[in-house]
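Colleague: Starting from the known structure of chain A, fit chain B onto it as the hints suggest.
In the order they appear, the protein sequences are chains A and B.
For the first sequence, the numbering used here begins at 241 and goes up steadily by one.
For the second sequence, the numbering used here begins at 249 and goes up steadily by one.
To be clear, the hints were calculated from the coordinates, so they are not data collected in a lab.
Computed from a predicted model, the values in this text were never measured in an experiment.
Some clues are possibly wrong.
Unchecked claim - Sample of chain B residues at the chain A side, in silico, Cβ under 7 angstroms: (1) 701; (2) 709; (3) 712; (4) 713; (5) 716; (6) 719; (7) 723; (8) 726; (9) 727; (10) 730; (11) 734; (12) 738.
Every residue gets a Cβ at the ideal spot worked out from N, C-alpha and C, and that includes glycine.
Okay, here's what each chain looks like letter by letter:
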Amino acid sequence: MTTADILMLIAVICIWSLLLVNVVLIIAGYLYYIKIENEEVPEIKGEAPFVSIMVPAHNEGKVITKTVESLLALDYPHDRYEIIVINDNSSDNSSELLGDLQRKHDGRNLIVINTDAVTGGKGKSNALNIGFKQSRGELIAIYDADNTPEKTALRYLVAEITNDDTLGAVIGKFRTRNRNTNLLTRFINIETLSFQWMAQAGRWKLFKLCTIPGTNFIMRRSIVESIGGWDVKAIAEDTEISFRIYMMGYRIKFQPKSVTWEQEPQTVKVWFKQRTRWAKGNIYVIIKNIPLLFDRKARNIRFDILYFLSIYFLLLTSLVMSDILLILHALGYVHTTIAGFSSFLWLLAITLFILGTYITLITEKGEMVLSNLWIIMLMYVSYCQMWMVVAAYGLYNYVKDLLFKREVKWYKTERF
Amino acid sequence: MTIHAAEQAASKVLLIYDSLDKGTTREGNVEAMQRLLASYGVQVTLVRSDHYQRGQMDAYAKVIGIHNLTDLKESNQDFLQDVEQYRGDYLHIGTRVPAAVTASLELRVHTGVPGPIRIAIDRLVQEAIRTEQVTIIEHAVGTRYGSLSPAGAPSEFPYGVQNGRYGYAAYFERGNISELAMSHLLKDWLGKAGEARSYVIFKEVYPFSDLQLLERLADRMYEAGIPFIASVQPVFMNTDYPAMKRYMETLKYVQSRNGSIIANAPVVASTVNLSDTTLKGKMEGFIDVLADYGIAPLGLGADFYWTYDQRYAEEGMSFTDSVVLFPNKTLKYRIQTNESKAFPFSAFSMQPGFLEQFGHSGTFMPAMPMNTALTFDFPDTEEKLDDIVERLQSSWISFSDYKHASHTVRTPNSIIMSRSGSVTINGQGVNLDVVIKKVSSDYVYKEKEVKSFETLFNVQNKIFIVIIVLTLIAFTGFLIVGKRLYKRKYYK
Numbered sequence: 241m242t243t244a245d246i247l248m249l250i251a252v253i254c255i256w257s258l259l260l261v262n263v264v265l266i267i268a269g270y271l272y273y274i275k276i277e278n279e280e281v282p283e284i285k286g287e288a289p290f291v292s293i294m295v296p297a298h299n300e301g302k303v304i305t306k307t308v309e310s311l312l313a314l315d316y317p318h319d320r321y322e323i324i325v326i327n328d329n330s331s332d333n334s335s336e337l338l339g340d341l342q343r344k345h346d347g348r349n350l351i352v353i354n355t356d357a358v359t360g361g362k363g364k365s366n367a368l369n370i371g372f373k374q375s376r377g378e379l380i381a382i383y384d385a386d387n388t389p390e391k392t393a394l395r396y397l398v399a400e401i402t403n404d405d406t407l408g409a410v411i412g413k414f415r416t417r418n419r420n421t422n423l424l425t426r427f428i429n430i431e432t433l434s435f436q437w438m439a440q441a442g443r444w445k446l447f448k449l450c451t452i453p454g455t456n457f458i459m460r461r462s463i464v465e466s467i468g469g470w471d472v473k474a475i476a477e478d479t480e481i482s483f484r485i486y487m488m489g490y491r492i493k494f495q496p497k498s499v500t501w502e503q504e505p506q507t508v509k510v511w512f513k514q515r516t517r518w519a520k521g522n523i524y525v526i527i528k529n530i531p532l533l534f535d536r537k538a539r540n541i542r543f544d545i546l547y548f549l550s551i552y553f554l555l556l557t558s559l560v561m562s563d564i565l566l567i568l569h570a571l572g573y574v575h576t577t578i579a580g581f582s583s584f585l586w587l588l589a590i591t592l593f594i595l596g597t598y599i600t601l602i603t604e605k606g607e608m609v610l611s612n613l614w615i616i617m618l619m620y621v622s623y624c625q626m627w628m629v630v631a632a633y634g635l636y637n638y639v640k641d642l643l644f645k646r647e648v649k650w651y652k653t654e655r656f
Numbered sequence: 249m250t251i252h253a254a255e256q257a258a259s260k261v262l263l264i265y266d267s268l269d270k271g272t273t274r275e276g277n278v279e280a281m282q283r284l285l286a287s288y289g290v291q292v293t294l295v296r297s298d299h300y301q302r303g304q305m306d307a308y309a310k311v312i313g314i315h316n317l318t319d320l321k322e323s324n325q326d327f328l329q330d331v332e333q334y335r336g337d338y339l340h341i342g343t344r345v346p347a348a349v350t351a352s353l354e355l356r357v358h359t360g361v362p363g364p365i366r367i368a369i370d371r372l373v374q375e376a377i378r379t380e381q382v383t384i385i386e387h388a389v390g391t392r393y394g395s396l397s398p399a400g401a402p403s404e405f406p407y408g409v410q411n412g413r414y415g416y417a418a419y420f421e422r423g424n425i426s427e428l429a430m431s432h433l434l435k436d437w438l439g440k441a442g443e444a445r446s447y448v449i450f451k452e453v454y455p456f457s458d459l460q461l462l463e464r465l466a467d468r469m470y471e472a473g474i475p476f477i478a479s480v481q482p483v484f485m486n487t488d489y490p491a492m493k494r495y496m497e498t499l500k501y502v503q504s505r506n507g508s509i510i511a512n513a514p515v516v517a518s519t520v521n522l523s524d525t526t527l528k529g530k531m532e533g534f535i536d537v538l539a540d541y542g543i544a545p546l547g548l549g550a551d552f553y554w555t556y557d558q559r560y561a562e563e564g565m566s567f568t569d570s571v572v573l574f575p576n577k578t579l580k581y582r583i584q585t586n587e588s589k590a591f592p593f594s595a596f597s598m599q600p601g602f603l604e605q606f607g608h609s610g611t612f613m614p615a616m617p618m619n620t621a622l623t624f625d626f627p628d629t630e631e632k633l634d635d636i637v638e639r640l641q642s643s644w645i646s647f648s649d650y651k652h653a654s655h656t657v658r659t660p661n662s663i664i665m666s667r668s669g670s671v672t673i674n675g676q677g678v679n680l681d682v683v684i685k686k687v688s689s690d691y692v693y694k695e696k697e698v699k700s701f702e703t704l705f706n707v708q709n710k711i712f713i714v715i716i717v718l719t720l721i722a723f724t725g726f727l728i729v730g731k732r733l734y735k736r737k738y739y740k
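Chain A extracted, bound-state conformation:
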């Protein structure tokens, strides 16, 4: 037994444990799906609360009009919500477009805050803090600038939060607007659906835990105030806020019937940039919150921290390590004598991945088609491997930032 053997063993255990955890999450997600299918979304309890919808935008001229118009068209009482667009240090024509919208919808609560390099341009958290200062709503909703929410989206979220005082936030589902553009967007479509199924529906069912997805969610104003706004250093502000909400004793609920349609990256380059940003942000949040693992008050989010920790560190390092060991072994540099699982088991595991992912698609209209099976198989050999590179690169960037004390800035998703 060599050191390489022990490393390999640890790697193999990590990989398989996470596989099993995800199987459990898929099953839990399925049960939640069955349950919610048969349930009506509750009505808003009492008078509709005033809601501030914040839309941080940085050079979003291409999509901002459509987004604001769909927000204006929500079936929530028009006098009971305001839309605050924080046009953060944009160099495109966003401010004109937004001005036009304001004139066109005179009489609606549409506030546009234009910032420049001095007052803004320091990232999404900073933009949200700026908007928050001007907001009046007792509930704060956030939509990304490239979203097209369905008419009912906000009403369903508000209804859930008014019916349950233990909820700090309610999150909806996001779908891929441009899913039929190319293979990459098809991959992303499948990825977002299955991620939400497992990480949101599954975790909610099992642990009453969810993570704010960054768009299409609502939360109580009091929470934002008590945590002092968004952490400007966290570029994955959503995960950060989620942890804070849990620490305050609230829960976050997933209401998949509230749907927004999001524009996803159409090129690998853009995708890579966006995902690296997420990965790096999540790594920041996980590391920051590791002490919570030993905090009695935070016992309900231990699973979350462990889950993220295992995905970004254990799984990643395990995969990378086992791959490196395999290559070194093949080249004859290291010697591993470790036994392995049978090929049959690996085959079963791959089948499990394909079928499991396919199951998470069956809730969505137009997704229960055979072609998705082939796409999942293709994903297994391409997209999933690309994610590994993303996570590794995110980790590398995080370490680099930590060492060189680089400032966090907008790594926004580029539009085309």
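Modeller: What follows is chain B alone, placed relative to chain A:
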């Protein structure tokens, strides 16, 4: 001079040639002479006449001069003078006959006779041999060998002649009946007595050859009553693999069907690495593996040039006294030398087509003057095999059993001998009553490593399989339920 030294001197020949005469019909006749001499067990020293040094021939009891060039005069005066004064046996071939030879044989020749020509020797005849201008012996005294005449001419002239110390033949080329005619002349000139024999040999036998076909060949030859030799390619590594066992089982069977086994020289892959001195060990290793398995390799089959390479001769051939020398294919020398290694037993390899060029009178083939081996490549189809056997059956040659002659193969671990048909390996008679044993393919090619965590993984493996199979069943159920829900929801 002791008897032994005298014998040695007698079997040493200095072969002097003026040119290889490439590009003419005479190209290759020097090599043909070398092969003939080898088949008589003669050690040859090869010298080109312009490299000849004064007095060099005095060390030899026999000298052969081949003069291929017709237009140039011999420039090496030392050689010319030495030949005239030489006291040993001298055989001259070709043009510019030395005065001493002319005088001794009372030779009168007619030069510039145009081809084609006809040559006959000992009831064999080849008509219409295409060649350049030849010299005809119009008159000579001494023993005459065969006949040579312009095709269609009524009169016959001797092919060659020998008288006392001197011999002469005007014409000698490779690949036709002149090789046979020359072998008769050579035999007498060299003073070789004794009966020579003819053998059949199959080469290109590899471990990966069609072994069933090899068995069939053995059976067919046995049924036809023709003893034969298989020159088998050696194996240096993995000699414990089932494939090797199957190879040896078949060779053993061949041996039991009146086949004799000789080891073939390995294929020379590269001549670059001079420091590689593993050949001896490898060949001896192969011999030992065969001997241990009850197979008696009784010699070596090799391309002829091996005998003119110091490294091959020392390392690759010294374990045996018996060889079959094949015509050269590609020359890949390691350390080339002009002095050949001679073997007490050596057979002259003949391609099947060689004899078929000749017409013959009488039913039986006259005996060849030297040991010959009719050489076939081991066929790759049954049709070719049947064809060969039929040709051999209808042949007028009477083939001998190789093991009836004396052969010895010696390695540090084994001594393999044949004497008058009885074959022994380390003193033990070889069992020729053989049934091919089936060789099991169950062989651990690579020693299994002791694996760490094997039990852990075995247990986990089983657990995971159960878990995943159960999950897959559940998932299939989900899929069915999900499909119904989906239909209810979207196909309303």
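Colleague: Would you mind marking each hint as holding or not holding in the structure?
Modeller: A quick look at each hint next to the structure:
1. 701: 5 angstroms, holds
2. 709: 5 angstroms, holds
3. 712: Check passed: Cβ of residue 712(B) comes within 6 angstroms of chain A, closer than 7 angstroms.
4. 713: Because about 6 angstroms separates residue 713(B) from the closest Cβ in chain A, which is inside the 7 angstroms limit, the hint holds.
5. 716: 4 angstroms, holds
6. 719: 5 angstroms, holds
7. 723: 5 angstroms, holds
8. 726: 5 angstroms, holds
9. 727: 6 angstroms, holds
10. 730: 4 angstroms, holds
11. 734: 5 angstroms, holds
12. 738: Check passed: Cβ of residue 738(B) comes within 5 angstroms of chain A, closer than 7 angstroms.
Violated hints for the displayed structure: none, as all numbered hints are satisfied.
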